[in-house]
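*Asks:* Spelled out, the chains give:
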Amino acid sequence: MIQAVNLCKSFGNLEVFKDLNININRGECVAVIGPSGTGKSVFFRTLAMLEKPDSGQVYINGTDITGKDVNINKVREKLGMVYQGFHLFSHLNVMDNITLAPLKVKKMNKSDAQKKAMELLTMVGLTDKSLSYPHQLSGGQQQRVAIARSLAMDPDIILFDEPTSALDPSMTGEVLAIIRKLARSGLTMMISTHEMSFAQDVASRVIYMDEKGIYEQGTADQIFKNPTREKTRMFIRKLKVFSYSINSRGFDMVEMNVQIELFCQKYNIEPKKVNYIQLVLEELILEVYGDSSINLQLKIDFTIEFSEERNEILISFVYDGRSFNPFEAAEESEHLGMVLIYGVSKNYGYSFENGLNTININI
Amino acid sequence: MEFFETIVNSLCNNLIGGNAWLVLLNGLWVTLLISASGLLLGTIIGAILCAMRISDVGFLRTLSKIIIAFLRGSPVLLLLMVFYYVVFANSRIDAVYIAIIAFALNNGAHIAEIMRSALSAVDKKQLEAARMLGFSKFRAFLAITLPQAGRIAKPVYQNATINLIQWTSVVGYVTITDLTRTVNNIGARTGDPFFALFLGILLYLCLSYFVNFLFSIGSRKKEVL
Ligand SMILES: Nc1ncnc2c1ncn2[C@@H]1O[C@H](COP(=O)(O)OP(=O)(O)OP(=O)(O)O)[C@@H](O)[C@H]1O
Ligand SMILES: [Mg+2]
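These protein sequence lines map, in sequence, to chains F and P. In case it helps, our numbering puts the first sequence at residues 465 to 827. In case it helps, our numbering puts the second sequence at residues 355 to 579.
Hints listed in this document are in silico derivations from the structure and should not be mistaken for laboratory results. Fair warning: there could be bad hints in the mix.
Claimed, not checked - For lysine-lysine, the following DSSO-like pairs were computed, each having C-alpha atoms within a straight-line distance of at most 27 Å:
#1 K491(P) <-> K580(F)
#2 K810(F) <-> K702(F)
#3 K538(F) <-> K491(P)
#4 K419(P) <-> K478(P)
#5 K570(F) <-> K580(F)
#6 K542(F) <-> K491(P)
#7 K542(F) <-> K532(F)
#8 K695(F) <-> K737(F)
#9 K593(F) <-> K479(P)
#10 K574(F) <-> K491(P)
#11 K516(F) <-> K532(F)
#12 K571(F) <-> K532(F)
#13 K538(F) <-> K580(F)
#14 K571(F) <-> K491(P)
#15 K491(P) <-> K516(F)
#16 K479(P) <-> K574(F)
#17 K568(F) <-> K491(P)
#18 K516(F) <-> K478(P)
#19 K532(F) <-> K491(P)
#20 K516(F) <-> K479(P)
#21 K568(F) <-> K508(P)
#22 K568(F) <-> K479(P)
#23 K702(F) <-> K676(F)
#24 K478(P) <-> K593(F)
#25 K482(F) <-> K516(F)
#26 K479(P) <-> K538(F)
#27 K532(F) <-> K478(P)
#28 K542(F) <-> K571(F)
#29 K570(F) <-> K478(P)
#30 K478(P) <-> K571(F)
#31 K516(F) <-> K570(F)
#32 K491(P) <-> K419(P)
#33 K478(P) <-> K542(F)
#34 K704(F) <-> K810(F)
#35 K479(P) <-> K482(F)
#36 K479(P) <-> K571(F)
#37 K570(F) <-> K479(P)
#38 K704(F) <-> K689(F)
These numbers were taken from a predicted model, which means no experiment stands behind them.
Please construct the entire structure, taking both the sequences and the accompanying hints into account.
*Replies:* What follows is the structure, encoded as structure tokens:
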């Protein structure tokens, strides 16, 4: 249905995506997610040739639409777009907004166009607004009209670019309900969105965009329940990550603590937990460096992952050298530090693999 | 009673005597002719200058910028005199036509700027939305941008029109007998300048109202935006 092959796009020095490949089949509903600024909008705009790709092709029903001799207006009749900002024609009323293109582009006759518009307005639940002007409607209503306007051309596919991002939370529901209905009816669509639960619910396929392209894709369950790649996982779980490296025993612990403090403040982690994090890390570092048989140039890397969604903190603490499990060591002799760690952590684990010791602690 | 008689006397002296009302009507006609033609031609010139001003060709943009700056910066009376005494000094062209050219150019520069600012005030995404529905660039411009820009420009354009009419009162400097010149002549002839000049002001006022009326016809139908 719509296919992108090695699509590349940059603005000057800014490379938005490169070698992007995707194939969307008839009837699919593909959700595109990813952090702000990863190029979801630019991707959609490039598919519609509103931005000229630097290289690569876009095929719609098998024809390459990037060519010079393609009548892009004809192509776009079958390619709908719904914007974050609605962009209804402000000088026309709802009815005229919807019938304008069918009348002028498709040369439909007026009564047919109006009849069709009325059907669409019924579908989006706005029959009583047909004579209103866009500025008289709420955001949610405007977006519903914009969807009807797009549907009036009978498109093969609609691209929804963050259709609810500009809306009040109280109005997103009415718009999402219509998009959901369209997806169920088998309309081919792509939708970029920050509404994760909606994407999970409605999408037959989810694409996570990052790192200048499609970073990971799969079914909604795969992406939302079992993301395999690092950044996807961080994005889905809304993880905030802090990493830090220590190269020798003589490192600056005060500076480390300040940085942890700043990170925690930024994400509003409760002060009690901040103390625990610092305590656990200090004790672990002491344990590791305290083991006399261990090389003093030992390298430690740790990350603090904070999941906003679950309000959970995961510390992973990795160091090289020989296998050394401080939890075992603590059992042999009384270590006050380790007792403290047991006290504040929800659970903990140790593993040794490829010459790296890894300790995971949940707080 | 006496006051009333004075007025009637003045009226007779000024309007009936020597068929003054015919002369007056002729002056009014000249003013209208210069204004309307200046406006029409000015609008065409303005559209061309504006198109150049927003075109992709750097040379055209610069050229129109210079022309607009020059035309807007020079007083219309001086422009008129330059045309009359210098540019067309040796030609046989009627002074009225020269005035029309001068006013069209001056007015065109103003209209070009009015058009440009109106166009830039229109939401460009609406044009894009139309293109996504299959409109060509030109037809999307006609269907979306133009009507919206027109609506934004209208009040400014209306003002420019009234300004233009009033500025045409300087054409007497180049021997044209327009409304202003006519009332001046009548006043001089009857020795009662107050009445004649006042009548002139009244007539200009009527013209303004007439213009406002014309502009309000269009917007009466749709009271939006
Ligand atoms: N016309 C343009 N000129 C230059 N840079 C642009 C242009 N349009 C977008 N960009 C840049 O391209 C990058 C991707 O932008 P894009 O709007 O596609 O992000 P997004 O994934 O849609 O983000 P969001 O979720 O905030 O909408 C951004 O860094 C943006 O600044
Ligand atoms: Mg976007």
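*Asks:* Hint by hint, say whether it matches the structure.
*Replies:* Taking the hints in turn, this is what the structure says about them:
no. : hint                : in the structure
1   : K491(P) <-> K580(F) : holds, 26 Å
2   : K810(F) <-> K702(F) : holds, 20 Å
3   : K538(F) <-> K491(P) : holds, 13 Å
4   : K419(P) <-> K478(P) : holds, 23 Å
5   : K570(F) <-> K580(F) : holds, 13 Å
6   : K542(F) <-> K491(P) : holds, 17 Å
7   : K542(F) <-> K532(F) : holds, 19 Å
8   : K695(F) <-> K737(F) : holds, 25 Å
9   : K593(F) <-> K479(P) : holds, 23 Å
10  : K574(F) <-> K491(P) : holds, 23 Å
11  : K516(F) <-> K532(F) : holds, 11 Å
12  : K571(F) <-> K532(F) : holds, 26 Å
13  : K538(F) <-> K580(F) : holds, 21 Å
14  : K571(F) <-> K491(P) : holds, 17 Å
15  : K491(P) <-> K516(F) : holds, 16 Å
16  : K479(P) <-> K574(F) : holds, 26 Å
17  : K568(F) <-> K491(P) : holds, 13 Å
18  : K516(F) <-> K478(P) : holds, 18 Å
19  : K532(F) <-> K491(P) : holds, 16 Å
20  : K516(F) <-> K479(P) : holds, 17 Å
21  : K568(F) <-> K508(P) : holds, 26 Å
22  : K568(F) <-> K479(P) : holds, 19 Å
23  : K702(F) <-> K676(F) : holds, 20 Å
24  : K478(P) <-> K593(F) : holds, 25 Å
25  : K482(F) <-> K516(F) : holds, 13 Å
26  : K479(P) <-> K538(F) : holds, 19 Å
27  : K532(F) <-> K478(P) : holds, 24 Å
28  : K542(F) <-> K571(F) : holds, 15 Å
29  : K570(F) <-> K478(P) : holds, 23 Å
30  : K478(P) <-> K571(F) : holds, 25 Å
31  : K516(F) <-> K570(F) : holds, 26 Å
32  : K491(P) <-> K419(P) : holds, 25 Å
33  : K478(P) <-> K542(F) : holds, 22 Å
34  : K704(F) <-> K810(F) : holds, 19 Å
35  : K479(P) <-> K482(F) : holds, 26 Å
36  : K479(P) <-> K571(F) : holds, 24 Å
37  : K570(F) <-> K479(P) : holds, 21 Å
38  : K704(F) <-> K689(F) : holds, 18 Å
When each numbered hint is compared with the structure, no violation occurs for any of them.
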